[in-house]
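There are 2 protein chains.
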Amino acid sequence: MLRVAIDAMSGDRGTGDIVEAVRSVLARRDDVHLILVGDPGLIHQHIGSNPLTQGRHSVVASEEVVTMDDSAAVALRNKKKSSMRLAINLVKEGQADACVSAGNTGALMAISKFVLKTVKGIDRPAISAIIPAINGHTHMLDLGANVDSSSTNLCQFAVMGSILAEAVDGTDRPRVALLNIGSEAMKGNEQVKQAAPLLAGSSLNYIGFVEGNEIYTDKVDVVVCDGFVGNVSLKTSEGVARMVSHYLREEFKRSTWNKLVGLVARPILKAFGNRIDPRRYNGASLLGLQGVVVKSHGSADAVAFANAIDIALLEIGHNVPSMIASRLEASPNAA
Amino acid sequence: MLRVAIDAMSGDRGTGDIVEAVRSVLARRDDVHLILVGDPGLIHQHIGSNPLTQGRHSVVASEEVVTMDDSAAVALRNKKKSSMRLAINLVKEGQADACVSAGNTGALMAISKFVLKTVKGIDRPAISAIIPAINGHTHMLDLGANVDSSSTNLCQFAVMGSILAEAVDGTDRPRVALLNIGSEAMKGNEQVKQAAPLLAGSSLNYIGFVEGNEIYTDKVDVVVCDGFVGNVSLKTSEGVARMVSHYLREEFKRSTWNKLVGLVARPILKAFGNRIDPRRYNGASLLGLQGVVVKSHGSADAVAFANAIDIALLEIGHNVPSMIASRLEASPNAA
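Here the protein sequences come in this chain order: A and B. Sequence positions in the first sequence follow my numbering and run 117 to 451. Sequence positions in the second sequence follow my numbering and run 117 to 451.
Take the hints with a grain of salt, since some may be wrong.
Chain copies aren't distinguished; within one or between two, either way the pair holds.
Simulated crosslink set (PhoX-like; lysine-lysine; CA at most 20 angstroms straight-line) [what the hints assert, rightly or not]:
hint, residue 1, residue 2
1, 309, 208
2, 208, 233
3, 208, 197
4, 369, 386
5, 303, 208
6, 369, 197
7, 303, 386
Just so you know, the hints here were simulated from the structure itself, not pulled from any lab data.
Between the sequences and the hints, there should be enough to build the whole structure, so can you do that?
Take a look at the structure:
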């Protein structure tokens with residue numbers, strides 16, 4: 117049984133969507149036990165008259181909620197009975213194999229790091245996500261946990277990303293690249309220039325620099341970057357996808373004829389829309405911790421949140437934290 | 117007469133596309149004189165039997181070409197008779213009002229800075245481009261001229277971007293924002309955190325932080341960032357737009373019926389494609405120089421290169437370099 121602790125109180129949409137996500141995952145998979153952490157009254161109210169699969173879920177009561185405005189320090193020090201903290205505690209205590217939360221990223225990172233600790237050899241955990249690409253997908257990290265990453269940090273991100281891609285995709289020797297602003301060695305900022313020779317001398321399948329546009333191609337499996345850069349790139353992608361969808365809708369509404377054609381084309385446009393639906397890619401992994409922690413987008417609905425739970429299940433199934441730990445133990449200078 | 121010097125030898129597609137771009141601009145506008153700098157034989161071969169508008173173009177002979185592999189230092193020191201250098205010299209000598217080149221960005225920046233000098237009060241020129249947005253467009257800088265920008269650099273970029281938006285769009289008090297990874301004051305890297313209070317205390321219409329997705333909205337007129345971050349964001353956008361178009365084409369090819377619908381929807385899809393066509397946005401301005409220099413994408417075709425010429429004409433028409441100079445003279449601590 118794979119056991120996931122769910123922070124049922126955090127996120128913009130509230131407990132209702134989270135309960136629906138739990139319902140859909142339990143209906144799909146019979147090897148999963150989900151632990152809802154939150155206000156029991158609220159959780160049962162949302163479960164309502166349509167009970168969840170018996171015996172494969174439980175509820176743990178929490179007393180408070182980490183808000184989006186709480187600083188990481190406040191959340192860590194003052195909210196020890198929050199749904200987020202208790203969910204992470206369950207992982208630490210071995211009662212859950214993973215934790216999923218749609219709450220405050222900074223707080224989730226700080227509490228996870230404090231409670232679970234990092235794997236030996238990793239200074240700072242990183243946020244990694246799966247990015248859609250032409251003919252496949254790419255793993256990208258860091259997406260915002262660390263600003264001003266050093267070359268050493270970048271190398272650690274590369275090791276973790278490579279192990280993740282190998283584990284969850286079954287890719288043999290994933291192609292790892294550094295995100296840069298050109299392909300020549302002289303380009304880039306200091307951290308990237310210093311990280312390049314370190315990675316070239318490592319045991320990873322390092323393929324050099326990629327530029328922003330190459331993230332979305334099948335040229336690379338793991339894209340490594342500083343968290344500031346990665347976060348801007350990810351959010352930029354969301355913005356572009358939204359603008360492009362907006363333009364497409366506008367064109368199909370420009371005249372009565374266009375609207376008619378749009379009606380005929382609707383199933384095709386819907387299939388297209390599904391492919392770029394950000395909910396399909398919801399769920400970012402906090403890598404480098406002694407445990408699986410997955411961050412859902414704050415505005416995730418039931419479909420998106422269920423996807424984040426799936427990511428946690430995938431990482432538990434492939435034992436990602438122990439793989440990272442044992443790889444670093446076997447070869448502490450893997451990068 | 118607005119006079120633009122055209123580097124006719126640089127870029128991936130060669131002189132033919134550049135001559136066609138010149139032809140189309142001259143056909144559209146009768147207030148323009150274009151000076152083609154390059155190999156006269158090659159240029160005339162491409163002009164061929166269909167001569168350009170008489171009296172509104174001239175050819176200046178160059179002897180060499182700055183290649184994409186040349187370092188900025190080599191291009192600056194050893195290629196003094198290159199098409200790029202001579203085109204910039206024409207601006208310095210007052211024989212042209214602007215220069216457009218599809219060549220090596222680093223070399224173009226280095227030569228422009230050496231020959232034309234920066235405006236007093238600007239330490240480092242920045243690359244600025246117009247980014248499409250929902251209901252309008254955004255000016256974004258720096259897009260790759262400066263990595264590791266300081267907070268002072270960011271403030272100078274903000275001043276230049278604000279003046280550019282005011283001049284070319286006629287926007288009164290353009291809304292200026294810093295690109296960051298969250299909207300809270302505690303988020304971001306050191307440079308961004310230090311630049312924020314400086315901008316808040318300036319005479320600019322500073323609206324705070326925006327995240328990557330907001331670049332493509334009508335929330336902001338000028339987005340300011342470090343060149344590494346800006347370049348990654350811009351290239352990411354290209355990659356996403358290409359992937360999305362690829363997905364859309366795939367869906368309209370999935371079956372015979374889909375292909376038929378695609379045929380009917382073709383004019384609509386074409387109108388959509390035109391709106392996200394990167395050629396429409398080709399042409400980045402090197403801001404902060406004592407003269408107008410526009411960089412075209414290396415792979416620009418005739419349509420795209422003509423757009424870069426249009427951008428140069430717009431900046432000459434609005435006298436952007438003198439506006440930046442006089443604003444900084446009037447209020448040296450504008451930022």
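Structure-based check of all given hints:
When the C-alpha separation of residue 309 and residue 208 is checked against a cutoff of 20 angstroms, the pair qualifies neither within a copy, at 38 angstroms, nor between copies, at 35 angstroms. For the identical chains of this complex, residue 208 and residue 233 are intra-copy neighbours only, at 9 angstroms inside a copy versus 60 angstroms across copies, given an alpha-carbon limit of 20 angstroms. Only within a single protomer do residue 208 and residue 197 lie at most 20 angstroms apart by alpha-carbon distance; the minimum there is 15 angstroms, versus 68 angstroms between protomers. Taking identical chains as interchangeable, the C-alpha atoms of residue 369 and residue 386 lie at most 20 angstroms apart whether they share a chain (15 angstroms) or sit on different chains (14 angstroms).
Taking the closest pair of Cα atoms, residue 303 and residue 208 never come within 20 angstroms of each other, the shortest separation being 43 angstroms inside a single copy and 28 angstroms across copies. For a Cα distance limit of 20 angstroms, the shortest separation of residue 369 from residue 197 qualifies neither inside one copy, at 51 angstroms, nor across copies, at 54 angstroms. In this homomeric assembly, residue 303 and residue 386 never come within 20 angstroms of each other (Cα to Cα): the closest approach is 41 angstroms inside a single copy and 37 angstroms across copies.
The structure fails to meet hints 1, 5, 6 and 7 from the earlier list, while all remaining hints are met.
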